[in-house]
Each structure stands twice: as C-alpha cells, then as structure tokens.
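K.L.:
Protein sequence lines correspond, in order, to chains B and F. Using this note's numbering, read the first sequence as starting at 8 and increasing by one per residue. Using this note's numbering, read the second sequence as starting at 120 and increasing by one per residue.
In short, the hints are calculated from the structure, not lab data. Some hints here could point you the wrong way.
Claimed, not checked - Here are the computed distance ranges between Cβ atoms for each label pair:
1) B/Met68 / F/Ala342: 32 to 40 Å
2) F/Thr613 / B/Arg131: 37 to 45 Å
3) B/Glu101 / F/Ser286: 39 to 47 Å
4) F/Lys230 / B/Asp98: 26 to 34 Å
5) B/Asp85 / F/Ser286: 31 to 39 Å
6) F/Gly401 / B/Asn76: 29 to 37 Å
7) F/Thr203 / B/Asp98: 49 to 57 Å
8) F/Asn470 / B/Asp98: 18 to 26 Å
9) F/Lys229 / B/Glu80: 16 to 24 Å
10) F/Arg553 / B/Ile51: 36 to 44 Å
11) B/Asp85 / F/Gln582: 32 to 40 Å
12) B/Ile35 / F/Arg575: 18 to 26 Å
13) B/Asn76 / F/Glu616: 20 to 28 Å
14) B/Asp119 / F/Asp588: 14 to 22 Å
A virtual CB, placed ideally from N, CA and C, is assigned to each residue, including glycine.
So the chains spell out like this:
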Amino acid sequence: MAKVGLDGHDVGARVIARGLLEAGMEVIYTGIRRTPEQIVRVAIDEDVDVVGISILSGAHMALIPRVKNLMNEAGAQDIILVCGGVIPQEDIPELQASGVSQVFLSGTTVADIAKYVQFAVDTRNQKSDALK
Amino acid sequence: MKHESPAMSPAQVNEIEAEHARWIEQVYEPALERTPERRAFEVDIGERIEPLYSPATLVKAGFDFSKDVGFPGEYPFTRGDSATMFRTEPFVISAYSGYGEATDCNRRFKKLIELGAEQILVALDLPTQCGYDSDDLMSTGEVGKVGVSIDTLADMELLFEGIPFNSVKRVGTLGNSIGPIVLAMYAIVGEKQGLAPADYVVNLQNDPLKEYLARGTQIIPAAPAAKIAVDPVEWCATHAPNWSPITVCYNHLNAGGAGSTWGAALALGNAIHYLDLLVARGIPIDSVAPLFHMFPDERHDFFVSVANLRALRKVWARLLSERYGATDLRSLALKTTVYGHGQETLQEPLNNIVRIGFGTLAYVLGGASYVYIASHDEAVGTPTEETVKVATRTQQIIAHEHGFTDTIDPLGGSYFVETLTKKTADDMWQHIERIDAIGGALRVIDSGFGRDVMNRGAQKRQQRLDRGDRPWVTVNIHPQVPNVPNTAFRLDPTTTERQHSRTAKIRRERDNAHVQHALDTIDRACVSGENMMGPVMEAVRAYATVGEIAERWRRHFGSFEPATSF
Numbered sequence: 008m009a010k011v012g013l014d015g016h017d018v019g020a021r022v023i024a025r026g027l028l029e030a031g032m033e034v035i036y037t038g039i040r041r042t043p044e045q046i047v048r049v050a051i052d053e054d055v056d057v058v059g060i061s062i063l064s065g066a067h068m069a070l071i072p073r074v075k076n077l078m079n080e081a082g083a084q085d086i087i088l089v090c091g092g093v094i095p096q097e098d099i100p101e102l103q104a105s106g107v108s109q110v111f112l113s114g115t116t117v118a119d120i121a122k123y124v125q126f127a128v129d130t131r132n133q134k135s136d137a138l139k
Numbered sequence: 120m121k122h123e124s125p126a127m128s129p130a131q132v133n134e135i136e137a138e139h140a141r142w143i144e145q146v147y148e149p150a151l152e153r154t155p156e157r158r159a160f161e162v163d164i165g166e167r168i169e170p171l172y173s174p175a176t177l178v179k180a181g182f183d184f185s186k187d188v189g190f191p192g193e194y195p196f197t198r199g200d201s202a203t204m205f206r207t208e209p210f211v212i213s214a215y216s217g218y219g220e221a222t223d224c225n226r227r228f229k230k231l232i233e234l235g236a237e238q239i240l241v242a243l244d245l246p247t248q249c250g251y252d253s254d255d256l257m258s259t260g261e262v263g264k265v266g267v268s269i270d271t272l273a274d275m276e277l278l279f280e281g282i283p284f285n286s287v288k289r290v291g292t293l294g295n296s297i298g299p300i301v302l303a304m305y306a307i308v309g310e311k312q313g314l315a316p317a318d319y320v321v322n323l324q325n326d327p328l329k330e331y332l333a334r335g336t337q338i339i340p341a342a343p344a345a346k347i348a349v350d351p352v353e354w355c356a357t358h359a360p361n362w363s364p365i366t367v368c369y370n371h372l373n374a375g376g377a378g379s380t381w382g383a384a385l386a387l388g389n390a391i392h393y394l395d396l397l398v399a400r401g402i403p404i405d406s407v408a409p410l411f412h413m414f415p416d417e418r419h420d421f422f423v424s425v426a427n428l429r430a431l432r433k434v435w436a437r438l439l440s441e442r443y444g445a446t447d448l449r450s451l452a453l454k455t456t457v458y459g460h461g462q463e464t465l466q467e468p469l470n471n472i473v474r475i476g477f478g479t480l481a482y483v484l485g486g487a488s489y490v491y492i493a494s495h496d497e498a499v500g501t502p503t504e505e506t507v508k509v510a511t512r513t514q515q516i517i518a519h520e521h522g523f524t525d526t527i528d529p530l531g532g533s534y535f536v537e538t539l540t541k542k543t544a545d546d547m548w549q550h551i552e553r554i555d556a557i558g559g560a561l562r563v564i565d566s567g568f569g570r571d572v573m574n575r576g577a578q579k580r581q582q583r584l585d586r587g588d589r590p591w592v593t594v595n596i597h598p599q600v601p602n603v604p605n606t607a608f609r610l611d612p613t614t615t616e617r618q619h620s621r622t623a624k625i626r627r628e629r630d631n632a633h634v635q636h637a638l639d640t641i642d643r644a645c646v647s648g649e650n651m652m653g654p655v656m657e658a659v660r661a662y663a664t665v666g667e668i669a670e671r672w673r674r675h676f677g678s679f680e681p682a683t684s685f
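For reference, chain B alone in the conformation it holds in the complex:
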C-alpha cells in the first residue's frame, strides 16, 4: 500500500492496509509522500505481488502511469498495480490503458478490495504456471 505525491490524507490507505492484513495478506505500508521511484524500489525489494496506490490530490494522471513505467523498466511487469481515491470516470480508461489493473472508487468495501486482490494474484499465478 502506497501514497504517492504530496497528498498526506491516508485514512483510506491505512484502513485498507489493515483490512487486507485481517484478510490474511501480508501488507507493507510506505507511509505518505513517497515518490514513484521510492514506491517501485520498496515493491521490488519486498518482492510484492500487488502495489495499491491511494491518491486524493488530483495528481493521479501525472504519477500513477509513472509508477507502472518504472516497474516495467525495472523488469517488474508482473507486479499488479491497482489504485483508489478521488478519480474522475473519464480518467479511468486512460489509467487502465497505462497498465493499472483496477481503479477503486470511494464506497468500495474493504472485503471487495481483498477479493479482487486475491483474484488478480491467483489469475496471474495460474497464467505463469501454464507457461511453465
């Protein structure tokens, strides 16, 4: 779970991190005000399956695709990227085109996010198993 940019509002990020932990997942929270570079470094160092980015400041179009690009450059294409926050409908297709797997809007329950994360990881693992 990560907060990118200068947005310091992290209630949502903390609540979801705790919810995923209680759903049996291992969760690392980066804390607020991380750069895309810092987030990608943590994701690779900690060998995570999924990076979830919470952003409410409106800087999502400048920062989230950058996280995906940096992951690709670092050879970490298989890390699943999801994001949530205040994101206008019209930005969602562009975010998805840049490689974001899912955009969660306010009102999503923690249980639904946990379900999605599990599903996305299982699907990815099945695909990579099939290739072996």
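Following the hints, put chain F in place on chain B, whose structure we already have.
P.N.:
Below, chain F alone, put in the same frame as chain B:
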C-alpha cells in the same frame, strides 16, 4: 442539578429519578418486546445514546448548572465566547478557497466577496504547503491542484490585487508547516497596501503538530516545527496583537479516525505544547493566549457536535485558568473556527447540500465564531463557482433565516445536550491527563500513541459502515454506484507553465545577493534559536521562494520520517 440546586428540591429530584426508572421498566422495555429497537444507537465517539434523557440523567452525570454551564461570555464559557453572541453579529461567514495560479484565483476571491464572504482563507497547493517550489521535481502533477500555487511574494501580491486586506474581516491561510513564511507575506503585502497591522486581521492555522498524526504536510521533525510555529505567535504578541496567528485543529485528527472527543484532547495536548514553549520564553500567558483559536470538528453526529463545541470552550477555560493562571477574559474565552461538513458522498452529490447544511447548523448551535462550509462537490475536487455559491448561501440562510441565531445557546438546558456536554468535557479532561502522563504532545507523536488512537478509530468506523451499523443513504441504504462526474472542476492545463515562467522571471530579476544574505540569516537563526520571523521577513521581502526558505530548515533540522503503521 445537585440537591442544593434552587431549581429543584431533593424530593423532586428523587421523584423524577424514580419516575424515569419506572417509565423505562414498565413502559419502554415492554414496548420493545413487541418491536425491537432498529439498531444499537452508538454514536461515532462510542457513546451509547439513551432512549430518553431527563433531569434524572443529569443528576447521574453529576451536572451542576453554575459550574458546568453558567452564562455566555463568563467562566466556564460553555454557553458562548462572548456576552452577546449572534444577537449583535452572526458568526463570520468565511470562505476557504484557492486553485491554479494567483491571477486566476484572484478572480474567484472577488466573486466570493461579492457573494458575501467576510473572510478569505487561502487554500494553498500541496507543493507550497510542503515547502517546495512549483518547479521542484517533488511538485510534479500537484501545482495548483488542491489550492493556489505560491512561490514568492509576487504571487501573493497578485493574489490580493484589488482586495485590500481591510475590505474583509479576516484574511489568512493554513500554512501549517510554513507559518513564518505566510505570516511574513501577509505582513508585507499589507504594508504595500498602505495598511498598519491594526487595520486588518490575519488568521493562520500554523499548527504543525497535527500534521504528523493526520494531513501530512510536515517538512521537518516535530520538535523544531513546533518551535518555528510559535515564533509568529510571539511576533504577533508584540507587532500585531489583534491577529490570530495559530489555530489548533482537530478536524483532520477527527477525520483521520480519532473521533471528536479524542481529537479535541490530542489538539489540546498540541496547544499545551505551543503554550509551554511561549511561556518558557518568559511571555505572560495573557499576552499570547488570546492569539490562540481552536478548530473543532464533529461531522457524524449532530447533537454530539453541539456538545463538543460547548465542552471544548469549557475545558479550554479550565485549562487556561487552572494550569496557566490566565485571568484575561480574552485568554479564557476560546474563539472557534469550524468547517461545515457532513458525511459527503460521491453518490448523488447534490444530497451533500443537505448533509453539509445540517453539519454547519450543529456548529452554529454550538456557538462557533468563524464558520467555513464545504461545497457539495468538495469530495470530488476544487468546488466550481456554482457550488461555492450554494455553500455561501447556505451559511447566510443559517445566519439569517429560521431563527437559528435568535437566542444564545438555544440547546442549552436540553437534558440530552447537557448530558453529552458534561460527559464530553469530563472525557476530554481525562484524555488530557493521559497525554500528560505519556509525556505531552511530542511523545504522543513519536511513541505512536496518537497514531494508534487514530488507526483504531478509523478501523472501527469502517467496520460500522461495512456492517451497516452506521446508516448512510446511497451508500448502505438505497445504495448507488459512486460517480465522480466529468463536470468536476478542471484546472486550466497552462497553469503549471504560467506559474513556472513567473517564478523564473522573479529569480532572474530580483537582487540575488540580497536573497542570499537573507537566506544565510535564516541559517543563523536555525542555529541560535532566535525568533525566525525577522530573517524570514527579510527573505520574503527580497522575493526568496518558499522552497528556498524551507530548504534552509530542511538542511538544518532534517526531513520528517513518514509513519508506516496502520
């Protein structure tokens, strides 16, 4: 209403207590056997709301009219911070606004004043609040987004072009981590407008300690940040005693999960830390306490909100009197700033007008002094001109229609509200003692205690919502799909570029030797611990950028470390 209370004889009190118990056992509970209660009626602060309140409830809570309530403008100020309250002048209609760069934003301010806003609080963008220039790499994507971008004094001059500071009741901004810089900007622009400090009022939030627990615009570690924040307070005590350079807040603490009672206590703990720093400088308490305001917050429960404001004034008066020996009425009577909110939704956002109206009304009934209000699209982003207009009119309707402001403290004496007020004040006081025992505000931050209180609260709130214990129309009652409409405010895409070129021009044209000299003086003040205001005033006057000044602080004090617990 203790037994010696002249309002009721002991025999009458006993009779009411017996009657209350009889009604519960013989009337209410048997009725529940036929139809059970709808839900648990536990409010956000954790209090279970009773089916009925009566004088018996007050007796049980140890309520004493003279000690707990009293009269407006008199100790303990539960009923109001002034004698006449809204009878002579309703609360100050305040607007928090800002976006883009200064010239765009200036037009919005003029529009707001035309609508009737009596105070303009500038919303700064995140780079400015976090001490980065608009062209810093850290500012990517954030320039002008959640507020206006201010790099130098030149931006501030443009922002208030044609708006003399004395044409409104107060001007100001949050500037929680850059207090001395923004205070200097208001002082110097005022001077350039031909005004003396006595001619206008500057209000700052300038409360860095809460940033470490919520909100997150901190620049340096907490201890030096608190020191830098009280420098402007000391400066104002001498040069501008009519200004209000510090507003200790719990809106973000509450929203971040603390709940309003713990939020108040954490904020009061922060206020104690600031006051202690000032008193340690040998400044008399009655010279600085009147410069402190507080920013309460309770957006879940209407009656808790009324009680919270009443309780806060009472606890503040007790704290200032008992702990600091303050005697000046202006030290003891706490002025409050509030920001009217409800639990706003992205689902059918027009409904937020009603939620925000009720949330704001609660603050007004609680006797708030300065009232801001959210626009109904604020959950989405910067409000549009249309939604700001609805919000301003909502404030005016509450101020003037329905008779909401006709009598002072209209809910005073309500069995329910007085019980809640008494309990809330008692809890706040106990929590303050707990914070004292931990070692004060800085320990609350670095021990993780504050963060734990907030994490637990945020978690509990989410669970109540997910379980449906907390009804929320269009979310868990008649649920609708959330929608961030495409009509949301969109920033002019040339904003960042225009801001960059103005700042680049200033950097070329200013006296760079003067800037360098002023920045070096800031370095020396970091080392010596002298008041930061003098050196910062000189740097701002020389058109040093916000980033250049903050960088000196970062270099000397180091950067903050983000908390990673959840």
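K.L.:
State for each hint whether it applies.
P.N.:
Results for each hint:
1. B/Met68 / F/Ala342: 32 to 40 Å: Because 37 Å falls inside the window, the suggested range holds.
2. F/Thr613 / B/Arg131: 37 to 45 Å: holds, 41 Å
3. B/Glu101 / F/Ser286: 39 to 47 Å: holds, 43 Å
4. F/Lys230 / B/Asp98: 26 to 34 Å: The hinted range 26 to 34 Å holds for F/Lys230 and B/Asp98, with Cβ atoms some 28 Å apart.
5. B/Asp85 / F/Ser286: 31 to 39 Å: violated, 60 Å
6. F/Gly401 / B/Asn76: 29 to 37 Å: violated, 56 Å
7. F/Thr203 / B/Asp98: 49 to 57 Å: holds, 51 Å
8. F/Asn470 / B/Asp98: 18 to 26 Å: holds, 24 Å
9. F/Lys229 / B/Glu80: 16 to 24 Å: violated, 47 Å
10. F/Arg553 / B/Ile51: 36 to 44 Å: Holds, at about 42 Å.
11. B/Asp85 / F/Gln582: 32 to 40 Å: holds, 33 Å
12. B/Ile35 / F/Arg575: 18 to 26 Å: holds, 20 Å
13. B/Asn76 / F/Glu616: 20 to 28 Å: At roughly 23 Å between Cβ atoms, F/Glu616 and B/Asn76 fall inside 20 to 28 Å, so the hint holds.
14. B/Asp119 / F/Asp588: 14 to 22 Å: Between B/Asp119 and F/Asp588, where Cβ atoms are some 18 Å apart, the hint holds.
The structure fails hints 5, 6, 9 (numbered hints given earlier, in ascending order).
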